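Novice: Listed here are the chains, written in short residue letters.
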Amino acid sequence: MLPIGHYLFLSAALFIIGVIGVITRRNVIVILMSIELILNAVNINLVAFSRLYGDVAGQVVALFIIADAAAEAAVGLGIIIAFFRNRETVLADEMDLLKW
Amino acid sequence: MLDKVLFYIFAGLAITSAALMVTRRNAVHSAIFLVTALLATAGIFLQLRAEFLFIVQIILYVGGIMVLFIFVIMLVNLDVALQQIQFARQKWVALIVALALSAQFGLMLWSSEKIPGQGIPVLAAPPASELPPNSEAVARSLFGTYLLAFEIASVLLLVAMIGAVVMAKKEK
Amino acid sequence: MQAVIQATMDFLKLYWAPLLCGLVIVAVLPLIVGYIVLVERKLMADMQARLGPMRVGPHGLLQPIADAVKLLIKEDIIPDNADKLVFWLAPVLSVGAALLSIAGLAIGPAFQIAKDINIGILFVVGVSAMGIFGIVLGGWASNSHYSLMGSLRSSAQLVSYETAAGMALVSGLLLTGTLNVRAIVEAQSINKEGIWFVMLAPVAFFIYLVASIAETNRAPFDLPEAESELVAGYMTEFSGFRWSLYFLAEYTNMIVVSSVATTLFLGGWLRPFAGVHFFNFLDYVPPLLMIGVAGYCLLRTPKQPSRVQQLFMLAVAGLCLAVALVLLAPVALPIAKPFYAGIHGGFWFILKVSAYIYFFMWLRFTIPRYRFDQLMRLGWQFLIPLSIVNVLVVGVALIVGSYFNLHGWSMLLVTTPAAIIALVVALMILAAGQQSSAGKENAPASDFYAG
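Protein chains in written order, with the working numbering: chain D, 194 to 293; chain P, 58 to 229; chain E, 95 to 545.
Just so you know, not all the hints are guaranteed correct.
What the hints assert, rightly or not - Residues from chain P shown here face chain E by an in silico Cβ test under 10 angstroms; the list is partial:
#  : residue
1  : M58
2  : T80
3  : V92
4  : E108
5  : F109
6  : I115
7  : I116
8  : L132
9  : V150
10 : I153
11 : V154
12 : S186
13 : E187
14 : P190
15 : S192
In short, the hints are calculated from the structure, not lab data.
Keep in mind the model is a prediction, meaning the values are calculated, not measured.
Beta carbons: idealized from backbone N, C-alpha and C, even for Gly.
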């Protein structure tokens, strides 16, 4: 195993790229995909520390995060499909039904 | 040595794919680059000797979630979307905020050695040959200590499944 | 620079065997797949009372080579407005996933490419599930409605039956307690249980059989690629070499799926009643079988029309005799005893995989195609509930079995009632399905997929 700093740097880099994707893109599906990237960065962090301490709990929590990401992607994409049927758009700027 | 080479290959692949993913105009290209980023993450898991998580990442994330994403992208793919503006109006403010966040991360990583009592621990990881078989260890932990969380996760998945089916149903 | 060269040499010294195996498989597998296709065409011809390919080479045996040459020299047509990068990538993904999953299989106790993977069977299943991407992206990149709908249908089918196949594998894995491929086969040998898991979990084997036919897009579940339906579905716009990559991926998937079923349910490389002293005469079956085939070739030699074909038959007979001698050696000569597990193991494994693939082909020529909504209904409303119930009953049977300390053949005492309960549940689901479909006979097919 490499020094833990390497893994933390990788995780931080993926996290920041994911954050840039979430707050910069207009396409809602790309925003959802960037959220998945953020979750993966967290997973890398957890698994790296689990290997460092020899405790398997980090991997179990990462497993739960993957299950949770699946659930969230399914529901989020369902919402996008429902919205698309109504408004014919997937751009975040144009989803302003609740605005005054 | 092999460990190092593998880590750098997978890490480079992950960061490159992620950077390409958030900058593509075509959503399907973004999805393909996210698949590559997820595969690189799975490679990092394998390099960290987390074999069960490696294969779970491939089966669930790449083989399940990304297929779902690509389905939905194909359903909502509008040709006119390719000519529209790609980045939101707040992109410069967003980049400054992201820069601030990365400065915070960098400070934390850099200062861990300078300030005593803070930052990254300098433990030595147990050598790979002393690790217990990974699937058995994860299974023992999952069905022992974390049994309640396991059951709650299954209820969560059930709720998400029902929710997704209801959301995507057509109004008759 | 010196350190890099040193590191490369160390790597090669450690891993030269798997690399060589991988290269050999990637080079040889297309040829093997070509001959499996020839066997299929000959079988199809036989079941349809005709002869099949006979012109190219003696008895059509050079047909795969002619086909390969034709596919390679065909013009590479890319549709207008197709996404060139994704169009190139899609068949590569399919074939890559299929070939990679072969690395996790074990043909004999010492014939593994990647030795002792902790997650053995799961690796094979998971990596071959990545082939779905090749189908989905291929349909999308073709920029054509038929291709897109074919690919969406095909991937929906694959994803649905993957769950049922996985749960069926779980019921089989409950009996072993490990995912390691070699350990699974050894659990079926005399050291642990001594009984093939197909007898302990027959319902799981049946579910996996049906699900694996759907997983590889074979008839009767081949609606997405049937010629009368969607003009070859997602493969429509791919011509020449690209199409042959998809084809290679499909038959490689067939081999992988058969190998997984053989490993988990049919005892892998073990001969029937492995290790039981009474049945040691079964060790002579492989060489006798090959001698029988050689004898048959020799008998048919005088009846061949031309000299070339007679010589060819003699050559085939000679080859079979050579194989029979190789198979006889570990059993008859004490010197060659250590090679018994490898040689005979390889033979039994290939025999079982061939039987499974023969069953696939037999089904293809016998049963008509399922309509897409019938297919999805079978997967979601029959196979998945049945596989979940099967996991439950096999689990309960194992707990009862371990309470009474049953092992090996006496496990049949608990698993047979479990299988009967699962069968009863299956019949109940089928009956309930019949009732509700009799009630709404004129329900339209699911309108999304009908396009």
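Novice: Taking the hints in turn, state whether each one holds.
Specialist: Hints versus structure:
1. M58: Because about 5 angstroms separates M58 (chain P) from the closest Cβ in chain E, which is inside the 10 angstroms limit, the hint holds.
2. T80: 15 angstroms, violated
3. V92: 7 angstroms, holds
4. E108: 5 angstroms, holds
5. F109: 6 angstroms, holds
6. I115: Holds - the Cβ of I115 (chain P) comes within 10 angstroms of chain E, reaching about 5 angstroms at its closest.
7. I116: 4 angstroms, holds
8. L132: With Cβ-Cβ at 9 angstroms, under 10 angstroms, it holds.
9. V150: 33 angstroms, violated
10. I153: 33 angstroms, violated
11. V154: Violated. Min distance 33 angstroms.
12. S186: 13 angstroms, violated
13. E187: Violated, because the Cβ-Cβ distance from E187 (chain P) to chain E comes to roughly 15 angstroms (cut-off 10 angstroms).
14. P190: Hint holds; P190 (chain P) Cβ to chain E Cβ min 6 angstroms, cut 10 angstroms.
15. S192: Interface hint status for S192 (chain P): holds (6 angstroms vs cutoff 10 angstroms).
In this structure, the hints that do not hold are numbers 2, 9, 10, 11, 12 and 13, in rising order.
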